[in-house]
Structure formats: structure tokens, C-alpha cells
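Chemist: Okay, here's what each chain looks like letter by letter:
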Amino acid sequence: MTEPPMNDLPDARVSPRRRFHPSLVWLVPLVAALIGGWLVVSAALSRGPAITIAFDSGQGLEAGKTRIKFKDVDIGEVTSVTLSPDRRHILVEARLVREAAPYLVTDSRFWVVRPRISGGTVSGLDTLLSGSYIAMDVGHSTRSSDTFTGLTEAPIVSGDRPGRQFTLDAEDLGSLEVGSPVLFRRVPVGQVVGYRLTPDGRSVAVTVFVNQPYDRYVTGNSRFWHASGIDVSLDATGIKLATQSLVAATLGGVAFDTPDIDAQAPEAASDHLFVLARDHEQALRSGEADVKRILVRFSDSVRGLAVGAPVDFRGLVIGEVASIALDASTTIGRPQMLVGMQIYPGRLTAAAGGRPVAQRLDDAQVARAVAKGLRAQLRTASLLTGQLYVALDYFPDAAPAALTHVGGVALLPSMAGDTSELQHSLTRIARSIDRMQLDVLSADTRRTLHTLDGALHQADGLMSDVRGQGLPQLLNTLQALQQTLDSARQSLRPDAPLQQDLRDAARQVAAAAQSVRHLSDTLQRHPEALLRGKPGDAP
Amino acid sequence: MLPRAENSLAGTTLRLLSCPVCGQTTRHDGARTLACPCCGTSLAVRKPDSLSRAWAWLVAATLCYIPANVLPIMETRTLFGRQDNTILSGVVYLWLDGSWPLALVVFIASILVPLLKILCLSFLMLSVHFRWRWAPLQRTRLYRLLEAVGPWSMLDIYVVALLVALVQWQSLAMIQAGPGALAFAAVVVLTMLSAHAFDPRLIWDAAEEDRA
Numbered sequence: 028m029t030e031p032p033m034n035d036l037p038d039a040r041v042s043p044r045r046r047f048h049p050s051l052v053w054l055v056p057l058v059a060a061l062i063g064g065w066l067v068v069s070a071a072l073s074r075g076p077a078i079t080i081a082f083d084s085g086q087g088l089e090a091g092k093t094r095i096k097f098k099d100v101d102i103g104e105v106t107s108v109t110l111s112p113d114r115r116h117i118l119v120e121a122r123l124v125r126e127a128a129p130y131l132v133t134d135s136r137f138w139v140v141r142p143r144i145s146g147g148t149v150s151g152l153d154t155l156l157s158g159s160y161i162a163m164d165v166g167h168s169t170r171s172s173d174t175f176t177g178l179t180e181a182p183i184v185s186g187d188r189p190g191r192q193f194t195l196d197a198e199d200l201g202s203l204e205v206g207s208p209v210l211f212r213r214v215p216v217g218q219v220v221g222y223r224l225t226p227d228g229r230s231v232a233v234t235v236f237v238n239q240p241y242d243r244y245v246t247g248n249s250r251f252w253h254a255s256g257i258d259v260s261l262d263a264t265g266i267k268l269a270t271q272s273l274v275a276a277t278l279g280g281v282a283f284d285t286p287d288i289d290a291q292a293p294e295a296a297s298d299h300l301f302v303l304a305r306d307h308e309q310a311l312r313s314g315e316a317d318v319k320r321i322l323v324r325f326s327d328s329v330r331g332l333a334v335g336a337p338v339d340f341r342g343l344v345i346g347e348v349a350s351i352a353l354d355a356s357t358t359i360g361r362p363q364m365l366v367g368m369q370i371y372p373g374r375l376t377a378a379a380g381g382r383p384v385a386q387r388l389d390d391a392q393v394a395r396a397v398a399k400g401l402r403a404q405l406r407t408a409s410l411l412t413g414q415l416y417v418a419l420d421y422f423p424d425a426a427p428a429a430l431t432h433v434g435g436v437a438l439l440p441s442m443a444g445d446t447s448e449l450q451h452s453l454t455r456i457a458r459s460i461d462r463m464q465l466d467v468l469s470a471d472t473r474r475t476l477h478t479l480d481g482a483l484h485q486a487d488g489l490m491s492d493v494r495g496q497g498l499p500q501l502l503n504t505l506q507a508l509q510q511t512l513d514s515a516r517q518s519l520r521p522d523a524p525l526q527q528d529l530r531d532a533a534r535q536v537a538a539a540a541q542s543v544r545h546l547s548d549t550l551q552r553h554p555e556a557l558l559r560g561k562p563g564d565a566p
Numbered sequence: 006m007l008p009r010a011e012n013s014l015a016g017t018t019l020r021l022l023s024c025p026v027c028g029q030t031t032r033h034d035g036a037r038t039l040a041c042p043c044c045g046t047s048l049a050v051r052k053p054d055s056l057s058r059a060w061a062w063l064v065a066a067t068l069c070y071i072p073a074n075v076l077p078i079m080e081t082r083t084l085f086g087r088q089d090n091t092i093l094s095g096v097v098y099l100w101l102d103g104s105w106p107l108a109l110v111v112f113i114a115s116i117l118v119p120l121l122k123i124l125c126l127s128f129l130m131l132s133v134h135f136r137w138r139w140a141p142l143q144r145t146r147l148y149r150l151l152e153a154v155g156p157w158s159m160l161d162i163y164v165v166a167l168l169v170a171l172v173q174w175q176s177l178a179m180i181q182a183g184p185g186a187l188a189f190a191a192v193v194v195l196t197m198l199s200a201h202a203f204d205p206r207l208i209w210d211a212a213e214e215d216r217a
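Each protein sequence line maps, in turn, to chains C and Y. Following our numbering, the numbering of the first sequence begins with 28 at its first residue and continues without gaps. Following our numbering, the numbering of the second sequence begins with 6 at its first residue and continues without gaps.
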């Protein structure tokens, strides 16, 4: 192998130009740094607020996976799920997007969306597949906050749904629950959103939400009542079944109505306190503003008369018994009961089917009616239960009386009730029974019995006589009779000689009869035989 | 046969250059801008501004390494929700899932290798910068290893690209490449560029100078 001569190698050309400045390559890390810096800055800028939510249970919550949504729009993510130091709650830390910062006010609400079936509605079914998420509802407060307490259940009404909230003061909750419908003329217009016992424990404050277009029907005059269940009433026209919607009948609900809705009453203020009545009737009753108090003094027993018992005017229930007390002013020995009644004059007009209309009933009118014979009377509503009601009626033949006043309250004269009438008749019957001189009657009876006793004794003596004398004679007679009968039987036996003779005799009689017939036949055919003899033995 | 630890007849000392395109060996006088007299390819004794360029690429790669590991490389949207996966979370997932060999592979290929590449390149460049004469042979081997192993870090990107292409069932399940994938690809490419820009002959230059 020969080495090539070194000196033959050509010289390298010197190229005149440079392609690019070598330091230009430093643009690359610069650009990378710029991009990285921009990423960091934008991340820092878009980094939203961090919040802590306390929940009772961490079911379905997972750090880094569970989203936080507002109106189903993703606004954040759970970053950690930890137990609270007191181990009562779990603390969920979440990082929200920057735009969500204004939503974080003190009354914003958070809850975990899970599948839920309640009040005839089904919600959160999508979470069956996608897993739970935390939903948010923005509050109205202006103070911001970063720690919240999660709700255990989804709120029924989101904070921005238009409408108003009212509080109803109920005696008890009935079958209401959160989510029960609020009905106005059977149209569902809202929902029960919550309830709580009042601090004194005497009633339940039910919070209802009425949606926007309908909330204007709620005025200060509105009446709310339990629309739960089915109201069955029996009257002269038959059975009446009154229900609200089927949902309300099964799940309970609140119905409301506003009398004189045309009067353009001002809408009730939000959080106005209403009374939730037991039923429709009570609701309308409680609203009757003009109540007339009337007292009646009864001398009958008021057993069976209860506070709340109806006051009836010829079949119309126009009021109720408000109080029952012993009249302190009555004399001892003749006690009288003072019964206070509340009369709603509006019902007199409402009975025609109209709405209760304010109507005054003044004492002068009542006084005139009393002069015509208007009286109060206790009547039995049910013979089975013995319940009483107060009837107002005209008794033209009642003893004249006038309307008086006790402590400024009209006192209506009363009639003896039908119960006491019944009592009177019973007493009368008892008295006449009493008057029947039962002692005399019983003495007569005793005498008769003595006589009867004597007669029986005599009969007894007669019988013993008969046994002593007559009986042996009778026995002899009977024996003789037996003998006679025996001999009769002997002679009547089939093989008895008498029978045989009789039979023979009968046979001879039959033979005789036959020869007579032969003779008669021969004579009929040959009458000449009588003269000439039989043709066979012709001469 | 092991290469000798020093080269007695280096091209630099003989002032000779070999054209990488036509193979023409030329003489040169040490000027900075040279061209092959035969084919016109621009020639240089050493890669021009080798160290500076390698540093630039490496710095860029290092900068990209951070978002590559922090940002999600894959977004999985299924019926059951959305999930962002960073490289590390993928490794953790695989590890917890029990398939630790796979986790190990992903960890080495996607996290360890780029990191080691960056560290090793920095080490090589620093050694050249400070003209260390220590173990040039081992350093050269390291460089060869770096060059060889470079493309394998693209494994992750390959997997993501495959999944993105395959899993596209609209509402049922969908996988999208995240911004981390871009950064990660950038890391791999930039480290390769850096390794390419680095002239391994510089490792031996220090020893050469010393001898001269």
C-alpha cells in the first residue's frame, strides 16, 4: 500500500459567506423560555380560587376526578378529600376556575349530585355513569367566602329561579316533605323547600317557593292549607270525593287560594308568614275577618258539646262553638252553661256557592230576629256518639224573650234542647209507670194464686180416689175384653172350621149360579125346550 | 481491539480535512470558513460553534422538560368523565395496576432517559468547556450511547399518537394529545439536536493540545 503524496492534496477553498450567525441558535431556548414563561404566567393568572367544602360523607368524591359544576358547566375540580380534625365531616378542597371567583359568596350552596328519586321526580341519573359531581348554586350575598358547608341533599329551588319564598306556620307537618307541590287551583306552581320546628316547638315553619308568574297570586289575603290526602264527605247529595292532584293525594302538598283576587291586593312580601290550615274549610274560615261573638245560656247539659262544634242555622253551618263554661252568675241549684259562639255572617251568603263576602251583622238585626222567635237550641248531631251542636232557629211559639248583653256580648235566648225533651218524655213514662199501683196489682195476683193452689189440691185428691177404687175394676173389664178378642181371632183364623164352611158354601153357591146360567142360556136359545125338552133328547 | 486513548496523528495537527460528502481530503490553513474544492461542501475543522449551539439546544430542551412532565400528555374523555394523564400519573397508574414492568419501561424511557440525556450532555459540554483531560474514551462512549438512545424516548409520543388515532368514538370515548405531549416531543427532538450539534472531537482536543 503506497502512501499518497501529501503535497498533492488540494487546498480547501475559503468560502466567502456565512450562512447565518451562530448566535441565532440561541433564539430557540429563548423561544422555549418565552413559551414556558407564558405558560407559567397564564397558569398563574388563570389559577382560580381554592375553596374548602365540608360534607357529611365523602361518597363518590375523589380527588383529581370529581368536578364542580355550576349549571352543568365545569368550573373546577376537587383537589383533595380529607377528614376534618374532629372526624365529623370530610373536607373537600377544590380549585375553581378564575371566572368562578365572584360566585363564591357566603350563601352559595354546594351539594353532591347523586341519583335521587323524590316527590315524583327523578334527578341525577347521569351520575350513574359519570360518577358524582359537586353542584353549586350561587347565592345572593355580597360577602365572599372560601369555606362552605355542603348540603346533604340537592336544594329543590336554585337560587336564581325567579319566584318568591313564603313561610307557612303549620300545626303539624302532615305528609309534607321537601319537594311536595304547591298547588293553586290544582296547578302546581311551586314546591315545599324546607321545614323546621319553631324554636318553641309549638308549630312547624314550612317554607314554600312559588314560581315567578304565579307568585303574584299570593297576596296578604291568601290562605294556605294541606292538600294532602282525600277528603270524603257524605251529604244529602251523595258521597263527595275531594282531592287535589294525584301526586298531592299520595305525597301530600300545599294548596293555596286567594279570596277576592280581583281586588288587586298588594302581593305578599317575600317571607310573609302565613298560616297553613288543616283543610280547605279551616283555611277559608280562618280568613273570615268579621266574626260575631254571641253568647247563649243553656240550662241543659252540655255533655257532647265540644269547642269547635258547628253552629247551624237551618242546615247552614254559620259558626262554631268557641267556649263552654259554667255561668258564674247563675244561682246554685239551677246551673246554667254559658256557651260562646263565633258566627261568620259571610257564610250566609257563601252558602249559595259564592265566596265569603264581608258582611256585617249588627245587634239590631239579631234583636229583631229574636223578637220574631230566633232561639238557640242544643240538638243531637249523632245518636250514636251523642254529639251536640247548636242550632239557631225560629220558634214562633216560644216564650217571648229579648236580646240581652253580657259584658258587651250579645246573649241569645235559648230553648230547651231536644235532648232534654227526650229526657222529659222518658221521665213522664217513668212517672206513669210509677202511678200504675203495682202493689195493689200484686196483692190481687197473690189471691188468685191461692185459689189456684186449692183447686190443684182438690184435683190431687180426686186422682188418689180414682187410683184406690176404680182401677181393679178396670183391669177385670180389660181382661174380659182380651178374652173376647182372642176368641174372635180364633174364629177368624184361615184354617178355622167356620172359614172352611164358608168357603164350601161359597163354592156351592158359585156352582149353583153356573147351572142357573146354563139353564138361562138354553132357555134363551131354545125357548121351546121349556115345552118340548132339550132338542137332543127329542122323542 | 480497544481504541488507543490518544490519537497521534489527528487531522488537526496535520492541518488536513476530509470532505464528508465526496471524501476528498484537503489541506487547510486554519481559516474558519472553508469549502471542499471538489464538491463545494462547506468544511470545518470542528463543527462551527459546536459548543454554543449544543448549549442552546440543551437549554431549550431543559426548559421544555418541565412542562413535558407537568402538563398532561393525554386527555381521555369517556362517558364516565374526563381524565388528564401526565407521564408520571401514567407511570403511577401502571404501577398501582400491578403491571410494574410496563411502568418501569415507561418510567425509564420517558422520564429517566431524557433527564439523563440532559445531564450527560451537560456533563460532556462542561468537560469540553473546562478542557478536562480525564477519560476521553469513556466520554466518547457515553456520547455514542446518547446518540443511540435518543430516538427511543419518542416511545411515549408514539403511544399517544397511536391512541389518539385509534380511540375516536366521539361521545363514548376520545383521546386527545395534551400540551405535555408537544413539550415532550420537543424535549426529545431538542436533546437530539443538541447531541448532534455537539462535536465529540472536542473531547479529544484538550488531550491533543496538551500533548502539543
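In short, the hints are calculated from the structure, not lab data. Accuracy of the hints is not assured; some may be wrong.
Said to hold, decoys possible - Facing chain C, from chain Y, some residues (calculated, C-beta under 10 Å):
| id | residue |
| --- | --- |
| 1 | 24 |
| 2 | 25 |
| 3 | 26 |
| 4 | 30 |
| 5 | 33 |
| 6 | 47 |
| 7 | 63 |
| 8 | 64 |
| 9 | 69 |
| 10 | 72 |
| 11 | 74 |
| 12 | 87 |
| 13 | 166 |
| 14 | 170 |
| 15 | 172 |
Said to hold, decoys possible - Pair by pair, the computed Cβ-Cβ distance ranges are:
| id | chain 1 | residue 1 | chain 2 | residue 2 | range |
| --- | --- | --- | --- | --- | --- |
| 16 | C | 173 | Y | 104 | 20 to 28 Å |
| 17 | C | 141 | Y | 176 | 17 to 25 Å |
| 18 | C | 65 | Y | 169 | 20 to 28 Å |
| 19 | C | 149 | Y | 169 | 22 to 30 Å |
| 20 | C | 65 | Y | 20 | 43 to 51 Å |
| 21 | C | 65 | Y | 103 | 15 to 23 Å |
| 22 | Y | 100 | C | 224 | 51 to 59 Å |
| 23 | Y | 100 | C | 141 | 28 to 36 Å |
| 24 | Y | 100 | C | 202 | 53 to 61 Å |
| 25 | C | 173 | Y | 176 | 29 to 37 Å |
| 26 | Y | 97 | C | 67 | 18 to 26 Å |
Quantities reported herein were computed from a predicted structural model and do not represent experimental measurements. Backbone N, C-alpha and C define an ideal beta-carbon position, used for all residues, glycine too.
Chemist: All hints are to be evaluated individually against the structure, with a verdict given for each.
Modeler: Comparing the hints with the structure gives:
Nearest Cβ of chain C to the Cβ of residue 24/Y: about 9 Å, under the 10 Å cut. The hint holds. Because the smallest distance between the Cβ of residue 25/Y and any Cβ of chain C comes to about 13 Å, over 10 Å, the interface hint for this residue is violated. A least Cβ separation of about 13 Å between residue 26/Y and chain C goes past the 10 Å threshold, and the interface hint is therefore violated. With 10 Å as the threshold, the beta carbon of residue 30/Y comes within range of chain C, its nearest partner Cβ sitting at about 6 Å, so the hint holds.
The interface hint given for residue 33/Y is met, as the beta carbon of that residue sits about 4 Å from the closest beta carbon of chain C, less than 10 Å. Interface restraint check: residue 47/Y against chain C, minimum CB-CB distance 6 Å, threshold 10 Å, status holds. With its C-beta approaching chain C no nearer than about 8 Å, residue 63/Y sits inside the 10 Å limit, and its interface hint holds. With 10 Å as the threshold, the beta carbon of residue 64/Y comes within range of chain C, its nearest partner Cβ sitting at about 4 Å, so the hint holds.
For residue 69/Y, the interface hint holds, the least distance from its beta-carbon to any beta-carbon of chain C being 6 Å, beneath 10 Å. Taking 10 Å as the C-beta cut-off, the interface hint given for residue 72/Y holds, the closest approach to chain C being about 6 Å. The beta carbon of residue 74/Y comes no nearer than 12 Å to any beta carbon in chain C, farther than 10 Å, and the hint placing it at the interface is violated. With a least beta-carbon distance of about 8 Å to chain C, the hint placing residue 87/Y at the interface is held under the 10 Å criterion.
This hint is violated: residue 166/Y has a C-beta 21 Å from the nearest C-beta of chain C, more than the 10 Å allowed. Interface hint status for residue 170/Y: violated, as the beta-carbon distance to the closest one in chain C is roughly 25 Å, over 10 Å. For residue 172/Y, the interface hint is violated, the least distance from its beta-carbon to any beta-carbon of chain C being 18 Å, above 10 Å. Our hint of 20 to 28 Å for residue 173/C and residue 104/Y is violated, since their Cβ atoms are close to 40 Å apart.
Against the hinted window of 17 to 25 Å, the Cβ-Cβ separation of residue 141/C and residue 176/Y comes to about 22 Å, which satisfies the hint. Evaluation of the 20 to 28 Å hint for residue 65/C and residue 169/Y yields a pass: the beta carbon distance comes to about 25 Å. The hint said 22 to 30 Å for the Cβ distance between residue 149/C and residue 169/Y, and at roughly 37 Å that hint is violated. Under the hint 43 to 51 Å, the C-beta atoms of residue 65/C and residue 20/Y, about 49 Å apart, fit the expected range.
For the pair residue 65/C and residue 103/Y, the beta carbons lie near 40 Å from each other, so the given range of 15 to 23 Å is not met. Between residue 100/Y and residue 224/C the Cβ separation comes to about 54 Å, which falls inside the hinted range of 51 to 59 Å. Checking the proposed 28 to 36 Å range against residue 100/Y and residue 141/C shows it holds: the Cβ atoms sit about 31 Å from each other. At roughly 55 Å, the beta-carbon separation of residue 100/Y and residue 202/C lies within the given 53 to 61 Å, and the hint holds.
Remark: the range hint 29 to 37 Å for residue 173/C to residue 176/Y is upheld by a beta-carbon distance near 35 Å. Between residue 97/Y and residue 67/C the C-beta distance comes to about 24 Å, which sits within the given range of 18 to 26 Å.
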